[in-house]
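Engineer: The primary structure of each chain is shown beneath.
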Amino acid sequence: MLRQEHNELLTQAGAGTPMGRLFRSYWIPALLPEELPEDDCPPVRVKLLSERLIAFRDSNGRYGLMDEFCAHRGVSLWFGRNEECGLRCPYHGWKYDVTGQCIDMPSEPEQSGFASKVKLKSYPLVERGGVLWTYMGPADAQPPLPEWEFATVPAAQSFMSKRFQESNWLQALEGGIDSSHVSFLHRGDLNTDPLFKGARGNQYNLGDMRPVFEVVESPGGLYIGARRNAENDHYYWRITQWVMPSFTMIAPRGNHAVHGHFWVPIDDENCWAWSFDYHPTRVLTDEEVGAMRAGKGIHVKYGPGNYRPLANKDNDYLIDRAAQKAGRTYSGVEGISMQDASLQESMGPIVDRTKETLVSTDSGIIMARQRLLRAVKALVDEGMTPPGVDPVHQRVRSAAVILPPDQPFKDGAREALIARPGVAPAAV
Amino acid sequence: MLSESARMSSAAEARFRIQAPPPTARAVMVIPLDSGSERLVATLSARTWNGVTFLSASAAADALTDVAAADLVVMVASAGADASAAATIGEACSRRRIPTATCVIRGASASETALSSTLGQIRPWSLMVVIASDRDYVEDLLRSFR
Numbered sequence: 316m317l318r319q320e321h322n323e324l325l326t327q328a329g330a331g332t333p334m335g336r337l338f339r340s341y342w343i344p345a346l347l348p349e350e351l352p353e354d355d356c357p358p359v360r361v362k363l364l365s366e367r368l369i370a371f372r373d374s375n376g377r378y379g380l381m382d383e384f385c386a387h388r389g390v391s392l393w394f395g396r397n398e399e400c401g402l403r404c405p406y407h408g409w410k411y412d413v414t415g416q417c418i419d420m421p422s423e424p425e426q427s428g429f430a431s432k433v434k435l436k437s438y439p440l441v442e443r444g445g446v447l448w449t450y451m452g453p454a455d456a457q458p459p460l461p462e463w464e465f466a467t468v469p470a471a472q473s474f475m476s477k478r479f480q481e482s483n484w485l486q487a488l489e490g491g492i493d494s495s496h497v498s499f500l501h502r503g504d505l506n507t508d509p510l511f512k513g514a515r516g517n518q519y520n521l522g523d524m525r526p527v528f529e530v531v532e533s534p535g536g537l538y539i540g541a542r543r544n545a546e547n548d549h550y551y552w553r554i555t556q557w558v559m560p561s562f563t564m565i566a567p568r569g570n571h572a573v574h575g576h577f578w579v580p581i582d583d584e585n586c587w588a589w590s591f592d593y594h595p596t597r598v599l600t601d602e603e604v605g606a607m608r609a610g611k612g613i614h615v616k617y618g619p620g621n622y623r624p625l626a627n628k629d630n631d632y633l634i635d636r637a638a639q640k641a642g643r644t645y646s647g648v649e650g651i652s653m654q655d656a657s658l659q660e661s662m663g664p665i666v667d668r669t670k671e672t673l674v675s676t677d678s679g680i681i682m683a684r685q686r687l688l689r690a691v692k693a694l695v696d697e698g699m700t701p702p703g704v705d706p707v708h709q710r711v712r713s714a715a716v717i718l719p720p721d722q723p724f725k726d727g728a729r730e731a732l733i734a735r736p737g738v739a740p741a742a743v
Numbered sequence: 010m011l012s013e014s015a016r017m018s019s020a021a022e023a024r025f026r027i028q029a030p031p032p033t034a035r036a037v038m039v040i041p042l043d044s045g046s047e048r049l050v051a052t053l054s055a056r057t058w059n060g061v062t063f064l065s066a067s068a069a070a071d072a073l074t075d076v077a078a079a080d081l082v083v084m085v086a087s088a089g090a091d092a093s094a095a096a097t098i099g100e101a102c103s104r105r106r107i108p109t110a111t112c113v114i115r116g117a118s119a120s121e122t123a124l125s126s127t128l129g130q131i132r133p134w135s136l137m138v139v140i141a142s143d144r145d146y147v148e149d150l151l152r153s154f155r
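Listed in order, the protein sequences are those of chains A and B.
All you need for this note's numbering is the position in the first sequence, starting with 1, plus 315.
All you need for this note's numbering is the position in the second sequence, starting with 1, plus 9.
Worth flagging that the hints you see were computed from the coordinates, not collected in a lab.
Among these hints, one or two may not hold up.
Said to hold, decoys possible - Here are the in silico distance ranges between beta carbons for each label pair: (1) B/ARG106 x A/GLY642: 20 to 28 Å; (2) B/SER12 x A/GLU423: 48 to 56 Å; (3) B/TRP58 x A/ASN621: 34 to 42 Å; (4) B/ARG106 x A/ARG735: 38 to 46 Å; (5) B/SER12 x A/GLN319: 24 to 32 Å; (6) B/ASP80 x A/GLY642: 28 to 36 Å; (7) A/GLU442 x B/ARG106: 51 to 59 Å; (8) B/ARG106 x A/PRO509: 35 to 43 Å; (9) B/TRP58 x A/HIS496: 27 to 35 Å; (10) B/ASP80 x A/GLN319: 18 to 26 Å; (11) B/ALA55 x A/GLY331: 36 to 44 Å; (12) A/HIS549 x B/MET17: 40 to 48 Å.
As the list claims (entries may be wrong) - Calculated pairs, EDC-like style, for lysine to aspartate or glutamate (alpha carbon to alpha carbon, straight line, at most 16 Å): (13) A/LYS434 x A/ASP382; (14) A/LYS434 x A/ASP412; (15) A/LYS512 x A/GLU602; (16) A/LYS725 x B/GLU121; (17) A/LYS692 x B/ASP145.
Just so you know, these numbers come straight off a predicted model, no measurement behind them.
The C-beta atom is built at its ideal place from N, Cα and C for all residues, glycine as well.
Please model the entire structure based on the sequences and the hints provided.
Structural biologist: Right under this line is the structure:
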């Protein structure tokens, strides 16, 4: 369990909060490029870290992310006219460029220089690897651009989606770190999902339903290893990477694409679940991309017009009790991501961790919480840059390996846990 | 009309949850495996705990019947130290179906070989292994098991 003050500290990420300051140390995913598909396209409302913002792409293709509301009388710039290198409020014509600088104030006399004194809060918005990233911290502490491998391989090797999750970010992240639920909640998908099935390593999952876990600190966060029995008294290890604050990468299966997530707070009760699939050394096939777009693997089917999953709390997640009873799914909910999200949302917007009854297999979650608490304290008290900001901490991979019984997996998989261009991932 | 899932997962409905956490009366037994971890465990035992008992390494061998009263046994080891006691403790727990977890404290000077040696001794007897560089983590772990 976690004390209430620690629960609040970890779950509140708005401006001025300690965890908010931690998140603002990093580049975080903000939008997909498809949301701003062309120059002068309509602006898009964005809420991140409890700040309401507006995103747009100007006449020269530059991206802007700034305060949603006009400095004049507080009108939402979602109604704005995106034209001639700026976003113009339709109420009185005040216009802003991508940096938030007011560049025209037609309701004032022509000679007035007052516009130059008006600037909306704005953040950089840059495209890398199929994601529009933003950094919401102090400009003088802006880190280098992200170097996650999925974002640096050629576009044809990577796929990214996002979905709206109606829970606090932390209970979503904890699901990504917690390997012990896979044998239960997702057991039906290993042999059926086209993005998982057929790998030789799956036989170890199915033959040993009680994995043993090992949690080891990494420079950026944690390695979470799940070991199962393999041949000749060896162990089959599946090693998940967690890099602060909210990146996870799951161990690969065979030659399938490797996947993982970011969870980004929208506000304290909602988050974006970003899901990537990529292969370091080959192009994703049409079948793979088709399956991802169809909501297979860690991706979802959407409702009309937005990034909210088709199966959501408003329709009881399309739960199929017959499928649950027949063993086709464990919870009755279809799809890996919605199996997770439905349960995480059922915990309530912000789960009360003072009421938990943790067990030893929750040690990964326990350690992650402590790592986050320490990082927040070091940042607030000493200005120490948190783990995960350094691009070295981002050039990582997950791994699936078979090792002798007494070998530390961090040692045995040392090379495999680093992203090496042109080198295939360690998979079984 | 909202679905039941939508209604029941709201912040408004969260107010109606039973506020008292379920009583667990969980008994956790902490056993150091070497002299280094014993010093750490002795320090922890001086603090206030609810349901956590601490053995010394020397008492562990004689107190194996005491593990029967535990819901969870947490072993603490130092990387590179002799952790052979894990087998005796682990066997006793295994016979009684008591889960075990081991926290290995890895000091900065401990080599991979030293860590490997300790892991070889504890892995057969631990359902969960944590390798931590920070000794404070042991207390964090124990405090999490309410």
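Engineer: Decide, hint by hint, whether the structure agrees.
Structural biologist: Status of the hints after comparison with the structure:
1. B/ARG106 x A/GLY642: 20 to 28 Å: Hint holds: Cβ distance 27 Å, inside 20 to 28 Å.
2. B/SER12 x A/GLU423: 48 to 56 Å: At 51 Å between Cβs, range holds.
3. B/TRP58 x A/ASN621: 34 to 42 Å: violated, 49 Å
4. B/ARG106 x A/ARG735: 38 to 46 Å: holds, 44 Å
5. B/SER12 x A/GLN319: 24 to 32 Å: holds, 30 Å
6. B/ASP80 x A/GLY642: 28 to 36 Å: At roughly 31 Å between Cβ atoms, A/GLY642 and B/ASP80 fall inside 28 to 36 Å, so the hint holds.
7. A/GLU442 x B/ARG106: 51 to 59 Å: holds, 55 Å
8. B/ARG106 x A/PRO509: 35 to 43 Å: At roughly 39 Å between Cβ atoms, A/PRO509 and B/ARG106 fall inside 35 to 43 Å, so the hint holds.
9. B/TRP58 x A/HIS496: 27 to 35 Å: holds, 29 Å
10. B/ASP80 x A/GLN319: 18 to 26 Å: Taking Cβ atoms as reference, B/ASP80 and A/GLN319 lie about 25 Å apart, which means the hint holds.
11. B/ALA55 x A/GLY331: 36 to 44 Å: Because 38 Å falls inside the window, the suggested range holds.
12. A/HIS549 x B/MET17: 40 to 48 Å: holds, 46 Å
13. A/LYS434 x A/ASP382: holds, 10 Å
14. A/LYS434 x A/ASP412: holds, 9 Å
15. A/LYS512 x A/GLU602: holds, 14 Å
16. A/LYS725 x B/GLU121: holds, 9 Å
17. A/LYS692 x B/ASP145: Cα-Cα ~15 Å, so holds.
Hint compliance for this structure: hint 3 is the single one not met.
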